[in-house]
Amino acid sequence: MLTKKIKTRLSFLISIILITLCFLIFIYFNLKQNILYFKTPSEIFINNQIKENSMIRVGGMVKKDSIRQNNKEIRFILTDYKKELIVVYSGTVPNLFSEEQGAVVEGVLNDKKYLIADRILAKHDENYMPPQMKKILKENAK
Amino acid sequence: MIIEFLQMGGYGFFVWASFFIVTVSCLFLYYRARKTLKKYEKEFVKELESLPIKHKKRITKSSKVIGSILASQNKLS
Amino acid sequence: MDLFSFGNVIVYVNKLIKFINSIFFVILIIGLSFALIFSPVDYLQGDTVRIMYVHVPSAWIGISIFSLIAISSILNFVFKIKNLFLIVKSLAPIGLLFTCLSIVTGSLWGKPTWGTWWAWDARLTSMFMLMVFYILFIFSFKYFKNKEYLPKILTALSILGIINIPIIKYSVEWWSTLHQPASIKFTGTSSIHSSMLIPLFLMLLALLLYCALIFLMKYKTEIIKIKKQNIKRL
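Protein chains in written order, with my numbering: chain A, 20 to 161; chain B, 25 to 101; chain C, 543 to 776.
Calculated directly from the structure, the hints in this document are not laboratory data. Worth double-checking, as some hints may not be accurate.
As the list claims (entries may be wrong) - In silico BS3-like links for lysine-lysine, alpha-carbon gap of 30 Å or less:
| # | chain 1 | residue 1 | chain 2 | residue 2 |
| --- | --- | --- | --- | --- |
| 1 | C | K557 | A | K157 |
| 2 | C | K560 | B | K85 |
| 3 | B | K62 | C | K557 |
Claimed, not checked - Label pairs and their in silico Cβ distance ranges:
| # | chain 1 | residue 1 | chain 2 | residue 2 | range |
| --- | --- | --- | --- | --- | --- |
| 4 | B | S96 | C | S606 | 28 to 36 Å |
| 5 | B | E71 | C | S547 | 15 to 23 Å |
| 6 | B | L51 | A | G110 | 34 to 42 Å |
| 7 | B | L51 | C | L610 | 21 to 29 Å |
| 8 | A | P150 | B | L94 | 16 to 24 Å |
| 9 | C | K711 | A | N53 | 14 to 22 Å |
| 10 | C | S575 | A | G110 | 38 to 46 Å |
| 11 | C | L610 | B | G36 | 46 to 54 Å |
| 12 | C | I571 | B | G91 | 28 to 36 Å |
| 13 | A | S85 | C | V674 | 39 to 47 Å |
| 14 | C | S547 | B | F52 | 28 to 36 Å |
| 15 | B | F52 | A | V127 | 14 to 22 Å |
Beta carbons: idealized from backbone N, C-alpha and C, even for Gly.
All chains, please: the whole structure from these sequences, using the hints.
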């Protein structure tokens, strides 16, 4: 059976586990806001603590048929299917950036509906398939 | 066709770089592990040789570990 | 108990090394040819999807080796099993290598798809923490030779590190991250097409065999080291 030595070691172990758990919970509640890599447009709309003219990261889907591009800037609507946010950006976009795809924009909020972006990152989903497969899926959807 | 394969639809650099890095670092770790193994086997045999003959014979017979190390050393030389 | 004596173990180790050497290259070549030639491109990402075949197995291996060595060093601390300590010592560098590889290949994958090499989102940060834990683990082997302290330090590191493991796994579900959610789940169907799963699992098998090979070589080295110390007492 468990000897006394093993029992002391086990109690040492459990105390370490408890201390680390407390520590982690403390960290978690302090960093809760920072863990989120981006906010959604509706969170920005609801949350009153977000100040205008501050740096922020917003993520969502690029709305269909919303990309307007001229030689100076690109302008599109970022949506989470509840609220929408107009994004203005001048610079090159990632290859995967397109309509009805996820995107994360980093920039300054002008007001709650208008964002001037410094950087655009494309976000893709967890589905991987060959192009033929995608075609079939699209046709089935129709 | 080969150029097409190397280009990987314009993403060649990223694809080949990642496969290359994986291969090279795996080879490096293999080389390191092999080198240390050989080094310790050699040192072990040296130590064994320095023992008195009677003692050496006795432990070579009794220990499988020593037997297998000697076998792998003999293969090399 | 005699089954696990060093004498018997080294015989198995030698046999296994031979076996792995005989099949490794066949599986590697099949895996690589599927990964680079026969597998289709992705509808969205094109050829960059091929990076997945080294990135995902490396990440899995890095995570599972850490879980293994963390549990082993906790068990070693409580029950003082010498063999477990040797296993931990031989596995740690392999795990570190694959964690670093998954970070590097991930960043090579991130640049063409996301548009950035690195982002401090929850998944990437927790993976970075895993690498830090591995480094701390290996450093404590090097600098704490003391038999009193080393198991305690390793246990503390293991507990901290093992809490990090579910954070890595679920970070993409709990928080908003740039990294996409898991494609292959324990339950339910995977969202990777079967033609892409074949190279993924072949490469996983090849890399696992490689890990086993390195582990056995390192483990054998450790046994020889111990035998060398005890040679006069035999």
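Hint-by-hint comparison with the structure:
| no. | hint | result |
| --- | --- | --- |
| 1 | C:K557 / A:K157 | 53 Å, violated |
| 2 | C:K560 / B:K85 | 24 Å, holds |
| 3 | B:K62 / C:K557 | 17 Å, holds |
| 4 | B:S96 / C:S606: 28 to 36 Å | 30 Å, holds |
| 5 | B:E71 / C:S547: 15 to 23 Å | 21 Å, holds |
| 6 | B:L51 / A:G110: 34 to 42 Å | 40 Å, holds |
| 7 | B:L51 / C:L610: 21 to 29 Å | 24 Å, holds |
| 8 | A:P150 / B:L94: 16 to 24 Å | 59 Å, violated |
| 9 | C:K711 / A:N53: 14 to 22 Å | 20 Å, holds |
| 10 | C:S575 / A:G110: 38 to 46 Å | 40 Å, holds |
| 11 | C:L610 / B:G36: 46 to 54 Å | 36 Å, violated |
| 12 | C:I571 / B:G91: 28 to 36 Å | 35 Å, holds |
| 13 | A:S85 / C:V674: 39 to 47 Å | 42 Å, holds |
| 14 | C:S547 / B:F52: 28 to 36 Å | 33 Å, holds |
| 15 | B:F52 / A:V127: 14 to 22 Å | 46 Å, violated |
Against the hints set out earlier in the document, violations occur for numbers 1, 8, 11 and 15.
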